[in-house]
Amino acid sequence: MKPSKLMHIASIIVGFVGIISFASAILGGSDNLVFGITKTDALLCSAILILIAIWTQIATIHHIMLEKKGEIV
Numbered sequence: 006m007k008p009s010k011l012m013h014i015a016s017i018i019v020g021f022v023g024i025i026s027f028a029s030a031i032l033g034g035s036d037n038l039v040f041g042i043t044k045t046d047a048l049l050c051s052a053i054l055i056l057i058a059i060w061t062q063i064a065t066i067h068h069i070m071l072e073k074k075g076e077i078v
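Residue numbering for the sequence shown follows the working numbering, starting at 6 and increasing by one per position.
Derived from the structure by calculation, the hints contain no laboratory data. Errors might be hidden in some of the hints.
Said to hold, decoys possible - Restricting the straight-line Cα-Cα distance to at most 16 Å, the calculated cross-link-like pairs of lysine to aspartate or glutamate (EDC-like) are: (1) K10 x E72; (2) K7 x E72; (3) K7 x E76.
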């Protein structure tokens, strides 16, 4: 399997985890705790996960462009 395919799969998984943690932080209970941490911390963690997914996807696109040019095998 090509490294670009693995990078793409990793970015999708990280994105889904970020979306699930964001949804659980927004829809969580009224006690301001999600997964044992505060809602603010959960929202910050989900934002970081979504940013990681976006940057991984940008890196994947760059890697695919280099593969097409033949610079990366």
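Unsatisfied constraints (hint numbers, rising):
none
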